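*Asks:* Next come the chains, spelled out residue by residue.
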Amino acid sequence: MPTGRDTEARIVAKREVAPNHFEMRLACDAPATEVEPGQFLHLWLPERVDPLLRRPYTVYRTHDDGFDILFQVVGRGSGLLAQCDVGATVRVAWPLGGGFALPPDGSTAIVVGGGVGMASLYLLIERLARAHVPTQVLLGARSRDYVLCRSEIEALGVPLHIATDDGSEGHHGFVTELAATVLDETETNTPHVYACGPTPMMQALTKVATERDAPTQVALENRMGCGLGVCLGCVVPIRADEDVSYKRVCVEGPVFDARVVIWEYRV
Amino acid sequence: MTDLSVNIGGMSLKNPVMTASGTFGYGSEYAEFVDLNRLGAVGLKSITVEPREGNAPPRIAETEAGMLNSIGLQNVGIDAFISDKLPYLKQFDTRTLVNLSGRTVADYVELCGRLDGTEGVHGLELNVSCPNVDSGGMEFGVDASMLGALVEACRGATTLPLIVKLSPNVTSVVDMARVCESAGADGISLINTLLGMAINVETRRAELSRGMGGLSGPALKPVAVRMVWQVYNAVSLPIIGMGGISTTEDALEFIIAGASAIAVGTANFVNPRTTMEVVDGLESYFRRHEIPNLAALRGTCIVG
Numbered sequence: 062m063p064t065g066r067d068t069e070a071r072i073v074a075k076r077e078v079a080p081n082h083f084e085m086r087l088a089c090d091a092p093a094t095e096v097e098p099g100q101f102l103h104l105w106l107p108e109r110v111d112p113l114l115r116r117p118y119t120v121y122r123t124h125d126d127g128f129d130i131l132f133q134v135v136g137r138g139s140g141l142l143a144q145c146d147v148g149a150t151v152r153v154a155w156p157l158g159g160g161f162a163l164p165p166d167g168s169t170a171i172v173v174g175g176g177v178g179m180a181s182l183y184l185l186i187e188r189l190a191r192a193h194v195p196t197q198v199l200l201g202a203r204s205r206d207y208v209l210c211r212s213e214i215e216a217l218g219v220p221l222h223i224a225t226d227d228g229s230e231g232h233h234g235f236v237t238e239l240a241a242t243v244l245d246e247t248e249t250n251t252p253h254v255y256a257c258g259p260t261p262m263m264q265a266l267t268k269v270a271t272e273r274d275a276p277t278q279v280a281l282e283n284r285m286g287c288g289l290g291v292c293l294g295c296v297v298p299i300r301a302d303e304d305v306s307y308k309r310v311c312v313e314g315p316v317f318d319a320r321v322v323i324w325e326y327r328v
Numbered sequence: 045m046t047d048l049s050v051n052i053g054g055m056s057l058k059n060p061v062m063t064a065s066g067t068f069g070y071g072s073e074y075a076e077f078v079d080l081n082r083l084g085a086v087g088l089k090s091i092t093v094e095p096r097e098g099n100a101p102p103r104i105a106e107t108e109a110g111m112l113n114s115i116g117l118q119n120v121g122i123d124a125f126i127s128d129k130l131p132y133l134k135q136f137d138t139r140t141l142v143n144l145s146g147r148t149v150a151d152y153v154e155l156c157g158r159l160d161g162t163e164g165v166h167g168l169e170l171n172v173s174c175p176n177v178d179s180g181g182m183e184f185g186v187d188a189s190m191l192g193a194l195v196e197a198c199r200g201a202t203t204l205p206l207i208v209k210l211s212p213n214v215t216s217v218v219d220m221a222r223v224c225e226s227a228g229a230d231g232i233s234l235i236n237t238l239l240g241m242a243i244n245v246e247t248r249r250a251e252l253s254r255g256m257g258g259l260s261g262p263a264l265k266p267v268a269v270r271m272v273w274q275v276y277n278a279v280s281l282p283i284i285g286m287g288g289i290s291t292t293e294d295a296l297e298f299i300i301a302g303a304s305a306i307a308v309g310t311a312n313f314v315n316p317r318t319t320m321e322v323v324d325g326l327e328s329y330f331r332r333h334e335i336p337n338l339a340a341l342r343g344t345c346i347v348g
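Sequence order for the protein chains is A and B.
If you want the numbering used here, it's the 1-based position in the first sequence plus 61.
If you want the numbering used here, it's the 1-based position in the second sequence plus 44.
These are calculated hints, taken from the structure and not from any lab test.
Be aware that one or more of the hints could be misleading.
If we take Cβ atoms under 7 Å as the criterion, some of the chain B residues that face chain A in the derived model are [stated by the list, open to error]:
id : residue
1  : G69
2  : E106
3  : A109
4  : I115
5  : Y132
6  : P262
7  : P266
Computed from a predicted structure; not experimentally measured.
Note that the Cβ used here is the ideal one computed from N, Cα and C, for glycine as well.
Isolated chain A (complex conformation) (with noise of 0.2 Å):
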């Protein structure tokens, strides 16, 4: 039998939310009682040697049996556990890595998602909504069909603006941009920004963050083997002091404090 974190659940609730990105609902015997916002889990397709390795997905959000995913279709791992049936068993470790560290008291944050990025930064809206921090959630997607997440914040009560590519709605352009101008407009003290979409996105967004002196925290991915901080095969380049290591986006992330995150360094 498992132990540890490593357990068994089940699938219990599927939907297609957006063309290509999936919800799903999972139950377990053992549900962890403590969830960091930012959080991942490790999930395997039991049996299967091909493909061989686990795939990491973000709690989304979390219940009192289980939690619940939200991701987009983009390989063999997530192909195949999309087109799993509602009631079928998986395993799954969790939950891994460090999470969104809320901000003190007094402050104000803003959050921004990317595409499916909005998976990891749903469960750090709810908290903040939970401690009265006065929050607005910037969102960014390709078109309008592909906007994640809204009736779920808008039910929290929490502004949400939303920038698309083809300007389909809200501002027609990135979503850094509007970053830059909420940024711009805050005249009480300097707001905390989340962060987690594609690589450019977050690049673009700790620039324009930074620039502010607004203290940022963002929420990489990378190809994982083991996500237990054993294989080594998830590092990034983090600044410290003079130095560039090696840090694993597994244990030491994935949420990371964007100024020592060394962009130009990604693949």
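Position chain B relative to chain A; hints supplied.
*Replies:* Just chain B now, kept in the frame of chain A:
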């Protein structure tokens, strides 16, 4: 009563199930999934004289039923290993096999000397087969005269059981094993990763930062079983078999081919409980077939 104990060149194991170097950290990372007391031995991540940062990402790529890695021996170095990593393992009733890598013979000799007599170290495994570094590494494992000189020098530097982990990237693995035997090695680990490569056809870029990397996982298994069988039939040294072991059946295949012990590697990443499942599975197989001990099964492969 099934007796799964085995002696590997002076290192006595309660059962033949080990972990492969580089896939189990320094033990503590897997403690919540694995009862380390139930492992025959823990094979530890390769250690070098100085700490190493390792290679630039991307370092891993998935391939058909396997994966490529190019980690580049990232490790904390011998000093931090002895002071920070080794003490944790002393609390467990298991054996430790410390994997050593170097650029020169002098590096290996220094490491052997430092660990000789160090409490908590039960055996040394010379890594002469890492495909992911510029100097040293696999060089030693693919040149018979360099390999012989290295093993002889290390033999002179330690009284600990000395295992040599051979590279599959050679024309004749049997020749390399014979060299180790005459140079005074106590055992052979077979096999390290097979040199491989994968390319993204859209970008035409190699999947790994250094182009090539080491192939591991189930895809490797038939190659590993073949090499264990060849070496078993040519030398008398005990063999630690590894390469794609994910199940009890995989482990049995290696033992029947001639391995005295087996190591689980990449499967630890996928299913962290693999070693425990294999220990249980072996016990049940030996009972079911009424085989009294490992020696009665080892090398019993029927061909033809």
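*Asks:* Each hint should be assessed against the structure and marked as holding or not.
*Replies:* Cross-check of the supplied hints:
Given the 7 Å rule on beta carbons, the hint for G69 (chain B) holds: about 4 Å separates it from the nearest Cβ of chain A. With 7 Å as the threshold, the beta carbon of E106 (chain B) comes within range of chain A, its nearest partner Cβ sitting at about 5 Å, so the hint holds. Using the Cβ-Cβ criterion of 7 Å, the hint placing A109 (chain B) at the interface with chain A is satisfied: the shortest such distance is roughly 4 Å. Of the supplied interface hints, the one on I115 (chain B) holds, with its beta-carbon coming within about 5 Å of a beta-carbon of chain A, less than 7 Å.
Interface restraint check for Y132 (chain B): the shortest CB-CB distance to chain A comes to about 14 Å, outside 7 Å, so the restraint is violated. Taking 7 Å as the C-beta contact cut-off toward chain A, the hint placing P262 (chain B) at the interface holds, the least distance being around 4 Å. About 13 Å separates the beta-carbon of P266 (chain B) from the nearest beta-carbon of chain A, more than 7 Å, and the hint is not met.
Checked against the numbered hints above, the structure violates hints 5, 7; every other hint is satisfied.
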